[in-house]
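Sequences and hints are given; from them, build the entire structure.
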Amino acid sequence: MEEKRGLKFVVVSKVLLMLTLSFLVSVFFNIGNAKAATLYFVPRVGEYTVGKSFSVSVNVSTQESANAFQATVNFPQDKLQLVSLSKSGSIISLWVQEPSFSSANGTARFEGVVPNPGYTGSNGKIITLNFKIKSAGEAHLSFSDGSVLANDGQGTNILSSAGAADFIFNDTGQAQAPEPTGGAAGPASPKVWSSTHLDASKWYADSNPKFEWTLPGGVTAISYLVTASSVSNPGTVADPLASSRAYSNIEDGAKYFHIRFKNSAGWGNIAHFKFQIDTVAPSRPKISFLPALPDDPKTKVYFEAKDDLSGLAYYEVIIDNSAPAKVDREAISSSNPYILQSNEPGKHLLLVKAYDNAGNYSEATAEFTVTTLEPPKIDKIKDFNEQELLHISGETYPNSFVEIFLKDTINNTIAKQSTKSNGFGFFNLVWPDSLSKGDYEISGTVTNEQGDKSKPSDPIKFKVKAAWLSLLISYIVNFLSPLFILLLVLFAIAFLVLHLWHKFHDFRRKLRQTIKGAEDDVHKAFDGLRESVRKRILFLEKVKTKRELTIEEEKIMKQMRSDLDSVEKTIRKQIQRIEDKL
1 MEEKRGLKFV VVSKVLLMLT LSFLVSVFFN IGNAKAATLY FVPRVGEYTV GKSFSVSVNV
61 STQESANAFQ ATVNFPQDKL QLVSLSKSGS IISLWVQEPS FSSANGTARF EGVVPNPGYT
121 GSNGKIITLN FKIKSAGEAH LSFSDGSVLA NDGQGTNILS SAGAADFIFN DTGQAQAPEP
181 TGGAAGPASP KVWSSTHLDA SKWYADSNPK FEWTLPGGVT AISYLVTASS VSNPGTVADP
241 LASSRAYSNI EDGAKYFHIR FKNSAGWGNI AHFKFQIDTV APSRPKISFL PALPDDPKTK
301 VYFEAKDDLS GLAYYEVIID NSAPAKVDRE AISSSNPYIL QSNEPGKHLL LVKAYDNAGN
361 YSEATAEFTV TTLEPPKIDK IKDFNEQELL HISGETYPNS FVEIFLKDTI NNTIAKQSTK
421 SNGFGFFNLV WPDSLSKGDY EISGTVTNEQ GDKSKPSDPI KFKVKAAWLS LLISYIVNFL
481 SPLFILLLVL FAIAFLVLHL WHKFHDFRRK LRQTIKGAED DVHKAFDGLR ESVRKRILFL
541 EKVKTKRELT IEEEKIMKQM RSDLDSVEKT IRKQIQRIED KL
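In our numbering, the protein residues as written are 1 to 582.
Honestly, the hints are just simulated from the structure, not real lab data.
As the structure is a computational prediction, the values presented were derived from the model and not from experiment.
Cβ atoms here follow ideal geometry from the backbone N, Cα and C, with glycine treated the same way.
Take these hints with a grain of salt, some might be off.
Derived DEER-like restraints, expressed as beta-carbon distance ranges [unchecked claim]:
| id | residue 1 | residue 2 | range |
| --- | --- | --- | --- |
| 1 | S244 | V83 | 44 to 52 Å |
| 2 | S144 | A325 | 35 to 43 Å |
| 3 | A325 | V231 | 20 to 28 Å |
| 4 | D308 | D199 | 16 to 24 Å |
| 5 | K326 | K465 | 50 to 58 Å |
| 6 | K465 | P432 | 17 to 25 Å |
| 7 | E441 | D308 | 56 to 64 Å |
Given below as structure tokens:
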């Protein structure tokens with residue numbers, strides 16, 4: 001029994017000891033993790049040409065809130081000249097002392113504070129160092145006398161590591177060192193891709209590329225580098241094992257990400273991943289308009305921009321607030337000047353955007369004016385009823401497109417129809433829909449063969465009457481039409497009779513005058529005849545007093561008297577008959 005109790009005590013003691021050790025280890029590592037902060041350079045590696053300039057920023061990464069940062073940066077003064085320090089974009093807002101540097105000593109110093117609540121993050125920029133390359137070779141940047149103080153009220157230094165940076169400087173035209181090949185068992189070239197710069201043939205406006213790769217088993221080290229050369233060697237300086245690497249503020253141009261793996265057999269072959277960066281917009285487009293010609297009033301414009309890196313891709317042309325019109329660079333090069341599609345009369349604003357192959361763009365604006373055409377002349381419209389259709393006619397430019405706008409002034413609605421004028425400029429339009437009773441007005445615009453458009457014409461007003469009123473008037477007219485026609489015929493007959501009567505009366509008057517004249521002439525002639533006969537009878541009577549008339553003479557005298565009386569009676573009788581008839 002005592003032996004069992006002893007064994008049980010030993011087991012319990014071991015368990016308690018293991019729990020205690022586990023707790024202490026957990027506390028130790030939690031404390032260590034809580035105080036971890038890192039100072040590092042961006043970029044960490046690079047390859048540049050002698051005489052060029054480049055920038056390196058000092059960044060901090062901390063999981064715990066920190067409020068004070070200081071360090072000294074060391075660089076080889078024979079290779080680099082520190083031209084300036086930049087505080088732009090820094091997380092520090094209060095500098096204990098202004099950042100300083102000495103190119104002669106190869107040092108730069110900073111010391112600053114971030115007010116409450118301090119800084120927490122993985123990419124906090126503290127300061128930027130702007131270098132100029134003096135000579136070829138390799139340059140190593142490092143930190144000394146660095147500290148990152150926690151915002152815990154005690155000023156605890158939580159800096160756990162300070163990184164370094166290595167750069168290669170080549171003379172202009174210097175050939176790259178040949179790639180060392182891996183051993184037979186060395187790792188194969190890494191398979192690299194980028195989520196930010198997918199296509200090596202395309203340009204991107206993102207200067208913060210990220211590269212990823214699969215890390216095979218057995219790889220013990222990696223080395224990578226970004227340069228402008230397609231065959232650079234990242235060397236044998238090992239970088240921390242990782243499956244990705246992100247950069248910030250990479251210079252514009254065609255660049256290459258070089259990476260290689262190392263395993264127990266040595267370093268493997270190098271993979272080269274090309275990426276292209278262009279963050280600079282094209283030059284501002286230059287815009288100039290061509291003078292309008294009488295026979296070609298379309299608005300024509302020249303515009304041009306330049307991009308020295310990725311090159312121009314296309315333009316966007318925007319008139320006023322219209323949708324952008326995309327114009328390919330080759331198209332504008334071959335068809336310049338560009339013909340604007342806006343033909344609304346008046347002033348307009350032209351916006352031209354020039355895009356490069358990375359998506360950067362610049363823009364410029366200019367005003368232009370479209371000449372106003374004379375609006376169409378629409379004939380006056382008489383009022384009509386609901387059962388009739390609206391007929392519109394007018395005159396404008398020959399072979400032009402005419403738009404007619406019909407406004408219901410009561411309901412304030414507007415409808416539109418279109419037609420085309422003929423070769424003489426005349427146009428006709430029958431409105432397809434019947435109109436209800438109300439007040440209306442129409443106006444019109446014209447667009448000529450060149451595409452220029454006029455302002456609306458002055459409105460022409462008219463009324464549409466109710467159908468029942470028109471029907472009533474129609475019924476009345478239809479009912480009275482026969483009677484009206486009959487009266488008109490009777491009036492015409494009466495007028496004709498009166499006219500004939502007047503003519504006949506005038507004829508009778510003139511006839512009477514003629515007969516009267518003839519009667520007078522007959523009376524005069526008869527009187528002359530009677531006087532002549534009477535003289536002959538008197539002559540015979542005188543002869544009879546002197547001698548006996550012969551039987552023949554007696555007979556002649558009697559016959560003359562008888563004939564004279566008979567003729568006189570006949571003439572008087574005929575004249576009386578004519579007068580009686582008149």
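Comparing the hints with the structure gives:
no., hint, result
1, S244 / V83: 44 to 52 Å, "violated, 32 Å"
2, S144 / A325: 35 to 43 Å, "violated, 60 Å"
3, A325 / V231: 20 to 28 Å, "violated, 44 Å"
4, D308 / D199: 16 to 24 Å, "holds, 21 Å"
5, K326 / K465: 50 to 58 Å, "holds, 54 Å"
6, K465 / P432: 17 to 25 Å, "holds, 20 Å"
7, E441 / D308: 56 to 64 Å, "holds, 59 Å"
Hint violations for this structure: numbers 1, 2, 3, all remaining hints satisfied.
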